[in-house]
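Order-wise, the sequence lines are chains A and B.
Using the working numbering, the letters of the first sequence correspond one by one to residues 1 to 307.
Using the working numbering, the letters of the second sequence correspond one by one to residues 1001 to 1472.
The hints are simulated quantities; they were obtained by calculation from the structure and are not laboratory data.
Every clue listed holds true.
25 Å max Cα-Cα, derived BS3-like pairs, lysine-lysine:
1) B:K1105 / A:K100
2) B:K1163 / B:K1262
3) A:K100 / A:K24
4) B:K1435 / A:K224
5) A:K224 / A:K198
6) A:K296 / A:K204
7) A:K296 / A:K198
8) B:K1262 / B:K1164
9) A:K53 / B:K1330
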Amino acid sequence: MRVLIKTFFLMGLLAASPLPAYAKLNVVATTPDLGSIVREIGGDRVEVTSLAKGTEDPHFVDAKPSFIRILNQADALIEGGADLEVGWLPPLILNARNSKIQLGQPGRIVAAEVIRLLEIPTGPIDRSLGDVHPFGNPHLTLDPLNGKLIAGRVKERLCMLSTPDCPVFTANAKQFEEKIDSRLALWQKQMAPLRGTKVVTYHKSYSYLAERFGLQVVNTIEPKPGIPPSASHVRDLVAQMKAEGVALILLEPNRERKTPAFLSQETGARVVLIPSMVGGAKEAGDYLALFEHIVKTMLEAMKERQP
Amino acid sequence: MHTRLYACACIALCVVMFGGWTQGFAKETAGSEIEDLKKQMALMEEQLRLLRQKVEQLEAKPAVAPEAPVEKQNGKTEQRLKDLELQVGQQRAASRGLLAPFNPKISVNGLFSAAMFSEKDNLNFGDHDPQVQGFNVQNVELHLQGTVDPYFQVDTNIVTTIKKGATTIELEEMYGTSLALPANLQLVAGQYFTRFGRQNRQHPHQWDFADQPVILNRIFGPDGLRGPGAQLSWLAPTPFYLEFIGSAQQAEGEIATSFLSKPGETVRGYTLIDRPVRKVGDLLYMPRVVTSFNPTDEVTVALGGSALFGPNASGTNTRTSVYGGDLYVKWKPVNHSQGFPFVAWQTEYLHRNYEAGPDDVNRIPASLLKDFGWYTQLLYGFTYRWVAGFRVDYANGSGGGKAVPFLATLAQRDLVGERSRFSPNMTFYPSEFSKFRLQYNLDFADSRGREAVHGVFLQMELNIGEHGAHSF
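Isolated chain A (complex conformation) (with noise of 0.2 Å):
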């Protein structure tokens, strides 16, 4: 009994004690996007962990007791924010016992907190409109600006955390930001035949992608945020498809197909499976590869269905 108390309080002491000056900055990321652009500012000067799985949806991630484990060993956290992760991420921080990613702490970064967000509701919202984000589209990593704007608040995160390695932060910063610009100007030019294509989506998750290269969402297959389609909404969505040409169906590769693939077949519209995240296509290893991958796949999308 007496070693059993010992090797317990020998634990407590190493649990408690302070990292070596050496030591990486422990950042925990919500989703593997958000991770992506974390190591691509932290460099070899972090280590990363990115709880949810790029493959997952994630509204519904599990509360896995071993990610309480993860987060007490957190220097830094970083979330979407906007309600993105109300369903599970509010247990674990309160769990995981960590002072430095409480609210208000410098390794507590909020993406959403430096993004434009979209579809912020104007009138009278209650749930009777489905899943609604009371302070907007929460999907908000798929507009490589905003990527870059996330970016900026990482470095300023990171060297409030560790501020020897502040200029190495501030070079990455830089060099991903040159890189999404002049990439940006590449997918838009080879996406610049699709600016003002009509397309669907099964939930709202592509509206910034819509945005930034000039698509033009005109309804999801949900009737609301999170309701599944009904027969009714089905029968209506084909007459506006079909009224409006819509092109190209879009949606996360773990929807269910059965509805895409009817619209499909009523309409002549593509199903394109697109990732929301990063790691949910395997050509999407990190935050440039996601949109290199989601800009070659809608283009052969569109030159498929063209005859």
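Using the hints provided, position chain B relative to the given structure of chain A.
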């Protein structure tokens, strides 16, 4: 161009003036001023919308512009607009904040059921079980959650039930949880459900079945084990999740039936006396250890062991100990959609040693009573919104106590001896905030001569407001 700049300047001025105005406003909370704020916000948004429209008209480009350079599309005007919009958003958040940040998150959850039993005296004894033929108000819970200060979060559950037309209201829980104590410690203090096993701490709307498992009902009573006290837990610095929990609570009333309970109540025939807490040793102590790991990205295993030590009121110096183990295994694919599909297997085992008596009134000699039992349940979320479940219960309350106990009523006899129960169910969730559940119970109890007792329940849950996320 001039028109645009002029409009931008106006909006910027509005934002600045508005920001200053809201700072002053923060000192007051009169409803009319909040209304004014909303109106101003709406006006500002409208101005912004018109401005954006104008800019779009001025910068109108053909729908297809293959050679459009990035810089043109994201020029200075666009950037300025974005900045203004971001400011408006922040002001909006601030306007919400005037109403919200110091108020707790509030939700109300109602759990109702229609029940049919094959016996007039059924075997559902949980306070929040469907108990009577016909319609039942199982549980209406008002949940409030908020932070107190930089050190504590508070959770409160005020619960209402209606039985035979009589409404009861009780403070089920109100406890503070420390936000970030040093050395991986966490303190919980107040009135709370004892963290023994997995289900005891869950509220009825979290249960995967319409009623309580038999063994939890027998050992923790109709309302679950809870009470005022304090709990300290420690997260071990291991590579995997490992937590040690220690708790001390008051063990009185119908919320601590295996312990001091209520005078006049009986435990397997032994009548309980009025035994108040006199010393530290009269409190209820619980050690618990719980671990969890992920064999793969898709599987999570949680394993726990708990014990309880406390006094009981069958004598002046008698004690009870309870030991339990719990296992929860969940599979959910990494490409799930909205949490489906999944398979979850949950099992708990409990064993109670109860030093009883002697009972001088009924002339029953002192004895060591032993009870044990388990339940195991499997849930399969086979498609979005639909979950099929099956639970098996077994409880044995006939260990020890060789002398024939004095059991006056059928209800008392129902709580001893062997009992087994089989419960298939099907749940449909129209959304995250409501559910409908159909459940069938096939029950065999010694007290009923092992004849089958049937029960069918149709349960409904409705939830409004902001209810905090549940732990895994």
